[in-house]
Amino acid sequence: MADASTLAVSFMPTRRVARHGSMHRLMRHRSTVALLMCSPLFVLIGGLVVYPAIYAIYLSMLNKGMTQFVGLHNFAFLLKRDTFRLVIFQSCLFAVSAVVMKAFIGFVLAHLMHNIPSGRQRIWRGLLLVPWVIPLALSTLGWWWLFDPSYSAFNYVLNVFGFPTVAWLGEAWPARLCMITVNVWFGTPFFMIMYLAALKSVPEQLYEAAAIDGAGALQKLFFVTLPMMRNIISITVLFSLIVTFANFDIVRILTNGGPESKTHVFATYAFQVGIQSGNIPLGASVSLFMFPLLAVFAFFVLRNVTRRTKEIAA
Amino acid sequence: MSGAVATAGVLAPVRRHASLHRQRVWALWGSYAALAVFVIMFLVPPFYMVMTSLKSSAEISAQAGDPWIVHHPTLQNFVDLFMMPNFRRFFLNSAMITAVTVSVSMVISVLAAFGLARMGFKGSQTLATGVFLTYLIPNSLLFIPLFQIIGALGLINNVWALALIYPTLAVPFCTWIMIGYFSSIPRELDEAALIDGAGYLQMLLRIFIPVALPGIIAATIFAFTVSWGEFLYPMAYLYSSDQMVLTVGIISDLIRGDVFEWGRIMAGCVLAAAPPIVIYAFLMDYYIAGLTAGATKG
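Those protein sequences? They're chains Y and V, same order as listed.
If you count the first sequence from 1, you need to add 58 to reach the working numbering.
Once you know that position 7 of the second sequence is -1 in the working numbering, the rest is easy, because the numbers rise by one and skip nothing.
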């Protein structure tokens, strides 16, 4: 990854070629060995990621029986359906609101953790990481049970305080809020640890300098902390947007798209159409609709990542 | 925290010190209180899962009294699960697939990371970025074409299909972590090894793997987490009980039509969540260091 130093290494032998032909051979040998070492990776990624991704594009252009090439017909068909428009809306709502809340709560939590002495942080961090450690499919089952229509433990609490019972997953909007809640619960710890690491890497002198210049707490936050954390905030948010956008577990377990297909996201709708109803091409087109948005996110992530690698090299 | 620092500066040093101290104490206790609130909120679902797993079916369906506490704790649900051959099968399948996935992923990604980070051939940097990019292709985009591919290989409803696919979930990120760790090892070390006559493989085994051990632990935990908790692929490709893994087995086997055996479902979840929790309890620091190492440098 260190491009400056790799360059240096690869230049040295070429300058010496005139004197030592063996060095040149070693170099050639070296890159052959390197390619050999990387080949399992290339086979795996090529065969089970890149090829399926391209194959998905081909599949999406076939008819239901996969006998005929229909071009973009599947995509046009989907866009005309109200259910699918709702899927687009629901996926975006789910991803954006969940990520915004995760980022905000994670930021607050990271600051709270940063305030307490570092010797005590370990136990608090461990407790706060529990949601993130339990496999999502299992903890979502627990949430489902908490939202259960007749035995809901949340409703018990509401009733105790004199509020009426809520049909948590029985109506579209409460169900959407429940999904977002579960995702925020699951994902916030990740933001917290990333932000906490970033906070710790901000040099203390910057805060001292700001204090001497008369900066208040808010000014320190906006002019020292946030600019120093800008990179990590953007990469965490983008990364989480991709993962949240493509989420399957939560929606599948909590509502399975219901009531009346109002809460489907891309992943669950693709599963229902492609695997359960057996319309593979249509399912492939549903999941391919994610691609443009993912590509935009990935572009920005990549920009951050390459900048990072350059900084490491420098 | 210290908005008053500048104004306090002109006052007598003793008072300034006292007010700063008081502010610090307040901020500290405020932080503890707020953290406690968050911890309680975060632990509600796991707490309730454990509580339910300790209840008998009769107590769950009676709907009498407070559902948040267990009145007559029993381990019957856990005993029932251990007696169920299916559940033991799920556990075994999960453990088997995870073991294979973790070892295959680690071999592939350590070799590739060494090649990409250290052997420096033409275009290795671009390739490293490309590998990271594939991590951004989610499984919900790939599961339908993979369904066709798995079908063509005759592996539908075969648990080993997962051992084939799961490494794709783990390898890109593991490689990325390992590249970071390997490139932080000083180059003098490998030059010294080469001069001493070590081959590349020896160099990797004797120097890089021991030095980058924290990174290897972090990557291993990542691979473990991913393959233990994966839900979409087994959901899509497996349908008979003897082939299932824990995440889908609990749902499909303990929910029969409208009959939900919640006590057993929650007991199953508690048991299935235990291995990751134990691993994190001991190795959390390595994992967090591995995850955040790259991030904080940028």
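Take these hints with a grain of salt, some might be off.
Derived, one-sided and incomplete: chain V residues facing chain Y with beta-carbon distance under 8 Å [as the list claims (entries may be wrong)]:
id : residue
1  : Pro38
2  : Tyr40
3  : Ala56
4  : Pro59
5  : Ile61
6  : Val62
7  : Leu108
8  : Val203
9  : Pro206
10 : Ile209
11 : Ile243
12 : Pro268
13 : Tyr278
14 : Thr284
Just so you have them, the derived chain Y footprint on chain V, three or more residues with Cβ under 8 Å [said to hold, decoys possible]:
id : segment
15 : 69 to 76
16 : 125 to 137
17 : 163 to 174
No lab work stands behind these hints: they were computed from the structure.
Yeah, the Cβ is synthetic: ideal placement off N, Cα and C, and Gly gets one too.
Restraint check, 8 Å cut-off on beta carbons, for Pro268 (chain V) near chain Y: holds (6 Å)
Interface restraint verdict for Pro206 (chain V) against chain Y (beta-carbon cut-off 8 Å): For Pro206 (chain V), the interface hint is violated, since the closest Cβ of chain Y sits about 15 Å away, which is over 8 Å.
Status of the hint placing Leu108 (chain V) at chain Y (closest C-beta pair under 8 Å): Holds, because the Cβ-Cβ distance from Leu108 (chain V) to chain Y comes to roughly 6 Å (cut-off 8 Å).
Assertion that chain Y covers the segment 125 to 137 of chain V - criterion: three or more residues, beta-carbon distance below 8 Å: holds (count 12)
Status of the Val62 (chain V) interface restraint (C-beta, 8 Å, chain Y): violated (12 Å)
Hint validity - Val203 (chain V) Cβ closer than 8 Å to any chain Y Cβ: Since the shortest Cβ distance to chain Y is 16 Å, the answer is violated.
Restraint outcome when Tyr40 (chain V) is required to lie within 8 Å of chain Y by C-beta distance: Constraint on Tyr40 (chain V) satisfied, holds at 6 Å.
Given hint Ile209 (chain V) near chain Y, where the shortest CB pair must fall under 8 Å: violated (16 Å)
Proposed interface contact between Thr284 (chain V) and chain Y, which counts if any beta carbon pair is under 8 Å: With a minimum Cβ separation of about 4 Å from chain Y (threshold 8 Å), the hint on Thr284 (chain V) holds.
Residue hint Pro59 (chain V), partner chain Y, criterion CB-CB below 8 Å: Hint on Pro59 (chain V): holds, closest Cβ of chain Y at ~5 Å, below 8 Å.
Ile243 (chain V) as an interface hint toward chain Y, with CB separation required under 8 Å: holds (7 Å)
Residues of the segment 69 to 76 of chain V with Cβ under 8 Å from chain Y, three needed, outcome: Not satisfied, violated; 0 residues make the cut.
Hint violations for this structure: numbers 3, 5, 6, 8, 9, 10, 13 and 15, all remaining hints satisfied.
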